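Can you make the complete structure from the sequences, with help from the hints?
So the protein sequences, as listed, match chains A and B.
Under the working numbering, think of the first position of the first sequence as 11, with each following residue one higher.
Under the working numbering, think of the first position of the second sequence as 24, with each following residue one higher.
Worth flagging that the hints you see were computed from the coordinates, not collected in a lab.
Keep in mind the model is a prediction, meaning the values are calculated, not measured.
All C-beta atoms in this analysis are idealised placements derived from N, C-alpha and C, irrespective of residue type, glycine included.
Keep in mind that a hint or two might mislead.
Unchecked claim - Distance ranges between label pairs, derived from CB positions:
(1) A:44 <-> B:466: 28 to 38 Å
(2) A:46 <-> B:390: 16 to 26 Å
(3) A:233 <-> B:442: 52 to 62 Å
As the list claims (entries may be wrong) - Computed cross-link-like contacts, PhoX-like style, restricted to lysine-lysine with a CA-CA straight-line distance of at most 20 Å:
(4) A:375 <-> A:428
(5) A:456 <-> A:375
(6) B:419 <-> B:475
(7) B:36 <-> A:375
(8) A:165 <-> A:298
(9) B:346 <-> A:171
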Amino acid sequence: MLNPVIFELHKKGRAAEHLPAPETPEEEILASIPERMRRRLPLRLPEVPELELARHYERLARRNHHVEKDFYPLGSCTMKYNPRVHERIAALPGFAALHPMLPETLAQGAIRLLASLEEALAAVTGMDAFTLQPAAGAHGEFTGLSLVEAYFRKKGEDRRKVILPDSAHGTNPASVRRLGLEPVEVRSDERGEVSIDALGAVVDERTAALMLTLPNTLGLFETRLPRIVEIVHGAGAQLYLDGANLNALLGIVRPGDIGFDVMHTNVHKTFSTPHGGGGPGAGPVGVKEHLIPFLPTPRPVRDGDRWTWKHDFPDSIGPVHSYYGNFAVLVRAYAYIRHLGGPGLREVTEHAILGANYLRSLVEKSYPVPYRRAAMHEFVASAARFFQTANVRAMDIGKRLLDFGFYAPTISFPLIVKEALMIEPTETESRETIERFAAAMLAIAKEIEEDPERVRGAPYDTPVRRVNESLASRRPRLVWEDGADGEGVPSRG
Amino acid sequence: MSYIPHTDEDREKMLRSIGVSSVEDLLREIPRSLRFEGTLPLPPPLSQMETELELARIAAENGAALACDSFLGGGVYDHYIPALVGQTTARPEFYSAYTPYQAEVSQGTLQAVFEFQSLISRLTGMPLVNASLYDGATALVEAIWMASGERSGRNEILIARAIRPSYRGVLCSHLAVSGLRLREFPFGKEGTTDLSCLKQMISNETAAVVVQSPNVFGLLEETEEAGRIAREAGALFIQVFDPASLALVRTPAEAGADIAVGEGQSLGSPPNFGGPLLGLFAARAEFLRRMPGRLSGMTEDANGARAFTLTLQTREQHIRREKATSNICTNQGLVALAAAVHLSSLGPEGFRRAALISQERALELRKLLREAGGAIPFEGPFFREFVVRFPEESLKRGLVRHLLDHRIVPGIPLERAYPEMGGCLLVAVTEKRSRESIRRYADLVRDFADGKGKGAPSDA
Ligand SMILES: Cc1ncc(COP(=O)(O)O)c(C=O)c1O
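As structure tokens, this is what we get:
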């Protein structure tokens, strides 16, 4: 079998022995649990020798794309290099082995680190305070909006509308709805920015917030931000920043200086912490002064010459995480900021912007960019013309890029660009890599003219060919069933 | 310039190709009034080496904790982790990969998630498991969202007071404006949930009943009975479970849970000062289309070969936006991988031994602490964690300080969350605590009560 699942490697009695047998006879230990409360279901975990297991994960590892293999052009995801040194730092026993409920005296370094990171993020963004509890960007959105909601509740104002541009990421409307507020969409204008007229028409005394992404998801700066701030604040509402694109702003623009009241940032994007194949990340939330009382508890604070957890904030929304957030992720982010400092962070942004504009200059003749303005850290091209002329979709182009050893661009949004290809090179990709990627894009454009079928059938040179997603959702198989293999899935090899 | 690969020559060439003379030219669309001038007010940059040394110094400030025998639990447990676990998650093929949207080049992650779902399904007995949520607390929030969607029209959630206090907090912060009414039902003097009270409170307004077992005090609840009460009232039963306990203890499926959520940190992850954690979420088959978060499914590729892919994505935010079943996007993928490697490494026997030894040592410590003068307020069946109340006199004289001085972290004080439980500690024991450390803990308590324990910390 070429690619077995773990259960196919199972044979009874051949797992490695990790633990000794208990010294007390098993029945004596079990006597502490009444019969009716015991497990009856057989515990069907696989028994696999350690070498076979190691090979299993080696096989899986080889079937993954990852940052150290090659470039991820994923727009909005900021797939920059994850410095190796951070992995070593986060694994230090003085961080990894700490229990969250340790007496404060035994965790002074950890509490201090969290407080220092809050402070550093405030310095980078111009916000007045941060909470590090949210476990990802979407959790940050939820938390940030909760703060806004609590603020208005305290003021006795009934505001339930949250306004979002039509270019917003899917988590934005989902977070609004989950919280119990009402998402209202506002359209973008012909420049790819929030339409000021449309905004003016929807903002009213029931508006709690406008959620803005900056640069927006087209990679463009909202040039009329001062007017937007006026409209939003004029109506007594709050301005929320989805800080997923903070990599474009470091040392250039501080959201807290220009009218944003509350924001989240994805440290697994801007601050170089790994994506982990889907997580864990972290989504710290920053606020201006007036929202500080509502921040989640407990908060790390200095008390004379020691660090302590402070619980007593009567207006707080309460905790949003079991403990203090994804600590091991936050350690990496702190190391990154400590290493680069102010000048280094600004260089990050400058080079992220340089790389994006360079890549755009290399591909835009073949892949039109609908909003022809200076890009920030990413740009959105459109494959609509290929769809019209050759029935080749953005997704097909993404799949064909896999054959060149690259990942695909982001294609699921923004919804306002037809057949969108959202591309973000990040500052850590070299000129040579950017050029190699551009050459692949151009080769695909040419191939579409000559042999569109080839592109529609991609990929060819990947661990598996195009995956049948509709079969997966028509006949969901989400867990392994012993003996059921082969049913509907002809096994090969 | 760390991690930035460009030389001056590269920059020149790139600028020329763009058609500008400096990066500043690329920023001209940003209104001048919005620009930040100057340098970000951060400490000066450090080299990589200095950064590592600085962080190592901060870690060393926590160093005293490492020398202690810790009896802390409360959701995060210090179980043995096979070497293969950490060495697998330390591979860049896994940690530096993105969410597996492009299935063809993400088979490693997708298959690992599929195996994780399968393993948790076998552990819990529940047929549906997702790819992970942030932590146990937010998994419970998601369970309540799902239950209230399923029982729309009913807007009350009954929650046992004997669930982890941080979960109570997270429920409040997440559900404050949901329109749901959260009501607590108490625990009795045995420390377990008062089911007669649940019976009185439940009504046709109740969408779901939440019980944690083992509960906040480590005690096993009558989950089957709680499930029956919920079902009879037409409400869903949500059980908060502890995966390590399931080696020995009745599964949520056997108890009749509709939704089962839990904290998965104890499956292969170090404590990490409380994060990243692992939200486990499992449910009955009929809830397939209401599941929150990602699902990896087995399918085939264009050649008919076995392949895996994220599936049923129309439930998710990137497709469904405001109508999504959840707002979650990034989850705890790498922590789920750790759990999969952990369970596959230990196998059924290793996993069971961890539970048995933990329980053996917890029983022993409970006995010894009782003999040393500690009171055991709750006598019922428990799993690897129990409550002890030390004599007021000892506490007044600084027993806890004394234990810490002797490098025993004795447990989690319960008084903040349960004001009526002054002097009570929640004590957890895993297979990693030696019998010697258990005896030392009890001896210190006894000697202190006898007035013998005021000496300087021993070097033992
Ligand atoms: C613009 C934007 N907002 C929000 C998010 C959600 O962040 P997370 O995946 O960390 O929850 C993303 C992630 O891709 C994003 O690109």
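Structure-based check of all given hints:
Between residue 44 (chain A) and residue 466 (chain B), the C-beta spacing of about 31 Å keeps the proposed range 28 to 38 Å intact. One distance hint, 16 to 26 Å for the beta-carbon pair residue 46 (chain A) and residue 390 (chain B), holds here, with the actual separation near 24 Å. Separation of residue 233 (chain A) from residue 442 (chain B) is about 55 Å and conforms to the stated range, judged on CB atoms against 52 to 62 Å. Of the supplied pair hints, the one linking residue 375 (chain A) and residue 428 (chain A) holds, its CA atoms being roughly 17 Å apart against a limit of 20 Å.
A threshold of 20 Å between alpha carbons decides the hint, and for residue 456 (chain A) with residue 375 (chain A) the separation of about 12 Å falls inside it, so the pair holds. Between residue 419 (chain B) and residue 475 (chain B) the CA atoms are separated by roughly 15 Å; this keeps the pair inside 20 Å, and the hint holds. Taking the CA atoms of residue 36 (chain B) and residue 375 (chain A), the gap is near 19 Å; set against the 20 Å cutoff, the hint holds. Pair hint residue 165 (chain A) plus residue 298 (chain A) holds up; C-alpha atoms about 16 Å apart against a cutoff of 20 Å.
Distance check on the hinted pair: residue 346 (chain B) and residue 171 (chain A) sit about 16 Å apart at the alpha-carbon level, within 20 Å; holds.
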